[in-house]
Amino acid sequence: MLRAFQRILLCAAACGIWGIAAAAPAEDLLPADRPIPEVVDHYIDAELQKREIKPAAQASDNEVIRRITLDLAGRIPTVAEAQAYVQSSDPKKREQLVDRLLGLPDFALHHRNELDQLLAGNDRMEGSWRDYLLTACQENRPWDVMFREMMLSEEGQTSPGALGFLKSRAKDMDRMTGDTSSIFFGVDITCAKCHDHPLVSDWLQDHYFGMQSFFSRTYLTKANFVAESDEGDVKFKTTAGETKSAQLMFLTGTVVTEPAPPQRTDEEKKQRKEELAKLDEQKQPHPAPQYSRRAALVDLALQPGERDFFARAAVNRVWHRLFGWGLVNPVDQMHSGNPPMHPELIDWLARDFIEHGYDLKRLIRGLALSQAYSRSSIWLEGERPDRDLFAVANVKPLTPRQLGVSLDLASRNQAAMPVAGDDKWKDFITGRESRAGRFTAWVEVPNEDFQVSVTEALYFSNNAEIVNEFLSSANDRLMSQLTGQEDREAALQAAAWNTLSRPFDAEELQLFKNYLAQREDNLPAAWQQVLWAVLTSPEFRFNH
Amino acid sequence: MANRRANFCGSEDHLIHRRGFLGAAAAGAFAANMGVLNVLQSPTLASELKRQQKHVILLWLAGGASQLETWDPKPGHDNGGPFRAIETNVPGVHISELLPKMAQRMHTTCLIRSLNTRNADHGGGAELMERGRRDEPTVKYPDLGAIIARELGRPDSEVPDYVSMYTTSEGRRKGSAGFLGARYAPMFLDKELMPANIRRLEQISDLDHQQRGELRQMLGEKFARGRGSHSVDSHNGAYKRVRGLMASEKLFDVSLEPQKYRDAYGPTQFGEQTLVARRLIEAGVPFVKVARGWWDSHGQNFETHLELVTELDHVMSTLIDDLEARGLLEHTLIITLGEFGRTPRINPSLGRDHFASAWSASLTGCGIKGGAVWGKSSPDGMTVVDGEVGAGELFATIFQALGIDHKKDYFLGSRPIPLTNPGIEPIRDVLA
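Line by line, the protein sequences give chains A and B.
Okay, so the first sequence: first residue is 1 according to our numbering, each after it adds one.
Okay, so the second sequence: first residue is 545 according to our numbering, each after it adds one.
The shape of chain B in the complex, shown without the other chains (with noise of 0.2 Å):
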């Protein structure tokens, strides 16, 4: 299987992972393709060894925010709405005067207003702003931090690598880490901010339960002797990590939390949760999203962004205050996102609908050039007049932001598939 692989290409990035893979074929630890992933994973690299210090915070706006109300204002349009737009402490800059504190941390933040997904429905438009590009009936597509988590995780991380907190009902998803494999797949919190099965229960010693768990490793090792199977390790693998997961619990819990930050972020769920996110990125874990929702505002839009523009403003300018005091957030990118935008024409419920044609991002903190804006929206907010994005653009953006190759190959199977798709390139101008 070695020489299958080394088929593909020359470049000297594949000579690298090619290099790993048969450092670990010779020692016949892994048969499997995916175990070749794994493999390139092992933090031989300084490189990587730098990578893996970095983390990702993704602020997930579920429902579409609008870009009226928050990077693109479009004041003195009859699109524009009831707010005004503020100077920012990046001189040429304004957003919207309900990110007041935003505007003097605009420094830290690049924003891109050029946005055209083309998908303006609530499942395929999340979909492709988790994923980056379109699945293929044959090739279901890794989201963000499913990709994060292996490009940024230890293959054998006591604290989770993906972690997704959506409370909010609204467009919940659970996120997929499609053909990468449950290996990747996120630490789901949908119903409280405890992770599901997390904590030992009070029926079972603590003795017991590290006792049994050691069992059970003699008899799967055992067991994998002799199997080839790729998928009999991960078995053995996901138990393996179940004491140090446990071990997180802590993480989660806010109350663990000096007041004066519970104070800072505010009491509350996003905020919570934003907070939890720190603690989570604090503590190892490389990729955290957390979810607001019931941005979908087709009525009464105006109202609706008041109240979550500036629990956004204010939470958000609190994440980077605090990443920044800890030096984390040249560590961190902070990402705003949600499926899409909203329609710069204002609906007779004055609400806004659904729109993807000319929509804005923030990215935040590492490997950010601060205060950059990239692309344009026309005066009235319709279209986009210059240097159109969509998804896969932004998502090679974030890829290099943090030091990964957006050309870099996964395997499925034989098949190489790049983190982007073939002729995607990042938007350079928002990077350091």
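If we strip away everything but chain A, and leave its shape as in the complex, we get (with noise of 0.2 Å):
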């Protein structure tokens, strides 16, 4: 009940309240060297055991290879994979199973389409943009990097794809100023332009307006070049009318101090407005100012005793992709009114996340290999605990990338296909995600409460594309591998590998024999009708 009041007043308490849930000290947390798997499972079961909830089992085999498979490679298992799997008795197939997926070619492009997502969300963005974040996935580029990158890549003849993040919002300083502090700290910070507290209403301001001054100089050129002027600052009202100039202060409160500002005689200001021009005209950039407060803030962000908002932003965004539900959520209210169920476990990422390069595939694969990532998402006795317990799964929508790829290859003849992991996988998956692409008109993006529309229903149960790609029955597709075969059962069960990743259990196979026996009139038409109905289940629509 306490939790739930202080969630009630999340909003102010984001305005009045900057410091992070006071941190436990080091010596508290379990020590730096353990596994990240046994870490996650030691603060989860804790949490449970003391409110007495037994978590929901372990999942199947095949969910485990599903649910995993998605999250890593941004697709289904073949059935070559999820069988190999699940008949393994190797105890230690999981951990190989997650290392050999974040070794195919599938986990930077689908780690890329993440991110993207995270970065530019809906905006429409150069080419460049996403192959900047393509190989920086591939290469598994430290997140500070990437941060420094996207904030301070210098132009040059083409402008460097990672600027597209500052490009995109260049126009909008409430955009660029918000979206930093909600994307790479963890904080959305703008409600302090309109709410204030009530005995340090000014502070309040203060950092809001601190904030955007690290972005106030940023603009972009007439020849679509983003720049850094030298000079300018930005000015507020304070809630009792006074005009202020706002400092460099950072979320944590620390505030830079800055060389003065060049001085120019209004011969030099004119001389200087005319290079500019001319440097447009010939589409070149403008040059980097001597001074960058972008760079100041980049540099303050990364410095211990600073760097925690960006830390456990990460994390817990990451955190957020695999489970469904971050430990902090929403995942950008991550301060001291809206505490974590587990404050030691996010304590404890964030230090090995940041002494381990901020390497984000680390992150990943630690909690793939934990128990508390692959519990079942079935609760059937008694109230389903609260999210934030983590005992038991979430059911997530796929991304619109994620259903296209799958519907791929869960309707595909496998045996006319790659095998993953060879040579021409890769050409292959990257042709298949890239065509994926198209599913973003039909297909809404996951957030959070999501809902799928009707415009995605009438088009998976009325478009020709469905029919024709999915459900056809050439060589390449699953279809012609159905329709042929004598052995029902052994059909049945071959389509239900290809689509689910696992067998028809005896209710399903009883549905499907029935409804074929109906339909000997016809049988191909049949046979498309039972894929269609599994291809648009929530089985096959979520990862469960």
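Hints listed in this document are in silico derivations from the structure and should not be mistaken for laboratory results.
Warning: the hint list may mix true and false statements.
Calculated lysine to any residue pairs in the SDA-like style (CA-CA distance at most 20 Å, straight line) [stated by the list, open to error]:
#  : chain 1 : residue 1 : chain 2 : residue 2
1  : B       : Lys735    : A       : Ser60
2  : B       : Lys718    : A       : Asp123
3  : A       : Lys513    : B       : Gln755
4  : B       : Lys735    : A       : Asn462
5  : B       : Lys684    : A       : Asn447
6  : A       : Lys426    : A       : Thr135
7  : B       : Lys684    : A       : Arg175
8  : B       : Lys766    : A       : Ile378
9  : B       : Lys718    : A       : Thr440
10 : A       : Lys93     : A       : Ala59
11 : A       : Lys171    : B       : Glu671
12 : B       : Lys766    : A       : Ala57
13 : B       : Lys766    : A       : Ser60
Quick look at which bits of chain A chain B covers, simulated, 3 or more residues with Cβ under 8 Å [what the hints assert, rightly or not]:
#  : stretch
14 : 89-102
15 : 119-132
Note that this is a predicted model, so its numbers are computed, not measured.
Ideal Cβ placement from N, Cα and C applies to all residues, glycine included.
Put the complex together from the two separate chains, hints included.
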């Protein structure tokens, strides 16, 4: 009840209290050299025991391989992958699976898409942006390095893709300030513009405009380059009506002192203006400022004592990606008024993330190997425990691209495609992934409290693409394997493995056998309906 | 989760909501927050039942119509332009001579002449006038259609509850259900008069189409058991609506309408789409938007408005007559609105530019005091001199006209979000 009340005050609290919920002293945390999965389970299980909640059982092997493959490779497993995993009795098979998936080209493609969604949302971006992200994901570039690149890449003849983040926001100072705070630091500070804390109202506005000051000199040139001026301040009106100049203030309250801006005579100003105009005409970027406020932000935000915001935000978002619910929710309300259920866990993970060079892949691997991650998503007895206890797995909607690639694989004659991981796989899966981009037109991007639209249901029900592509009887499609099969049960089980990575149970087999038996008049059409029903079922639509 | 919610407020309105919620929670049907919203919508209350008969047709004037050539003429002033003001059937109310038919129907309509919305940018202005307020970074507000769909639509409705016809490319925006989620996103018609994917493919028989839906539903219900996921429920819910929505295909087919009505609305695209809008609301669709483009008259403002306002006058008055004859006008609110108005000052290209400081909108029918005029702009049209209102007040007025409490809260997670921002009041003088 207390927690509930704190949530109600969430926005007010966000504005009032900037400090991170008092982090536990390092010596109270589990030792730094413990493996991530062990630490995750230690803290999650401790809270469950304290509350006397018995968590859901571990998910079956079939569910686990589907879940991990979707989360790490952005697609369902192939039949060969799923069967090999289920049949293996190697005690290390889970670890082997995770490491194998992290080594596939699929991982970088999917990781790129997740970062793209996080950083660019629905903005229309230049192709160089997605190329940049893909390369960074392929190299597993550290998150602090990527942050630096997105904030500080130098413009050349062609604009570096990394600058896409700023470029798409350069015309909107509030978005640049708000999105940077929300995405990289896990706090939505925009409410500081309108709310007042009864005791420290000015301090709040100092904060908002302090963060904005780091971006206030950033602009987009006429030739579409990101540039930063070396002068100009943010002024704002306090609630008392007084006009103030904002300081360069980070979320922790730390203030940066900067050198005085250059003093220019009118003649110099005019000359500078002409020079810049000439550069615009020549489609050249503007020169970098002597002192860059954005660089000051990046340097400060990654310093010991300041970098907890950056590390915790990343840890929380990756956790949210794998668990379908953050250690702190909403993911951009990470402040002391909205404390995590497992404060030591997020502290430990953030420390580990920093100590291991902001390695996202390492973090993903660690979380995916925990027992908390691989629980069943079914809860039948009694009230389902709160999501932030992680006693039972959350069902996660697939992204449009995950769904697109998965439909492609599920409806394929997998004997007629490359084997996952082989030489030809990279080209094959890259092509499939690229084609899946079209699904964004019909399928919503997952968000909190996600709902499926009627637009999507109508598309799957009546669009010719579905029939012509996924239900086609061409030799490279699953349908071609089903209609010719004498043994109906074997055909049904083949379809089940292809689509759901598991065999049908007796009830499902009976359902489909009965249906097919009534449709002897037109079996090819009947098989299409069976396949359609499975591909449009929620079991396929969600990661569970 | 139930007791978290119960903390919020003790108002009468919320007591009702809480009761509805607890009932459903006991049934164990929903766990997630948005699920609660749907439960609240269950038509158990008489007032809700009554409200569900109400409809909205939004005639969206994309690009921004001139208030001077429509609802707020300034004859005799340099800014006035060449058109006269004419008397209407409501004494003392004058409108542009380009609206002679509306002048004879002024008793059905109220005018708001004092909008100051402060955003004269197409994108920003449209967003504001679609949603009634500006987004916050973490709160994407639903647009008017999505809210009306939620408030006046039935969860299991067999007709769409929010249709947006936007075939004109100007300022085309899909509309957004914001935090209400995709369940309330519009059925969006941007290419043709028929919604995408509403027709069964010829290669699939009707029986196959139906039976595979039943197979899917069995799998879906089995999967949903024990998952406690409103998202999964919404997946099954969306597919359940498919067959019903497909049956509404005929509503979009104007050729099924008697020739006399087609003639009355006229052969223009705007006319036909407005006729489709009437067919839709008659069949129970709560919200229909018809966008008419090319109002953005930076040059040749007067030629443009001669053509467009004349068409608007004809189509709007035909719609009013048609709804009245069918007994639907008292249940249907017609809104004419765009992203902003146009500058009173006439530019050298004889055009008018973007202007959001003193412009007009009209409301007709349901819940409205016909013939009322709210607010006043200065003689030169440059400023509001009386009764200034913004998008929030307009939206509050629309909600109240439809019998929807504009202070009602939605919940985003646990955060209460009222339909209009705190402090906003409706324009009571134009409400019936």
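Cross-check of the supplied hints:
{"no.": "1", "hint": "Lys735(B) - Ser60(A)", "verdict": "47 Å, violated"}
{"no.": "2", "hint": "Lys718(B) - Asp123(A)", "verdict": "15 Å, holds"}
{"no.": "3", "hint": "Lys513(A) - Gln755(B)", "verdict": "14 Å, holds"}
{"no.": "4", "hint": "Lys735(B) - Asn462(A)", "verdict": "17 Å, holds"}
{"no.": "5", "hint": "Lys684(B) - Asn447(A)", "verdict": "11 Å, holds"}
{"no.": "6", "hint": "Lys426(A) - Thr135(A)", "verdict": "14 Å, holds"}
{"no.": "7", "hint": "Lys684(B) - Arg175(A)", "verdict": "14 Å, holds"}
{"no.": "8", "hint": "Lys766(B) - Ile378(A)", "verdict": "11 Å, holds"}
{"no.": "9", "hint": "Lys718(B) - Thr440(A)", "verdict": "14 Å, holds"}
{"no.": "10", "hint": "Lys93(A) - Ala59(A)", "verdict": "15 Å, holds"}
{"no.": "11", "hint": "Lys171(A) - Glu671(B)", "verdict": "17 Å, holds"}
{"no.": "12", "hint": "Lys766(B) - Ala57(A)", "verdict": "19 Å, holds"}
{"no.": "13", "hint": "Lys766(B) - Ser60(A)", "verdict": "17 Å, holds"}
{"no.": "14", "hint": "89-102", "verdict": "violated (count 0)"}
{"no.": "15", "hint": "119-132", "verdict": "violated (count 0)"}
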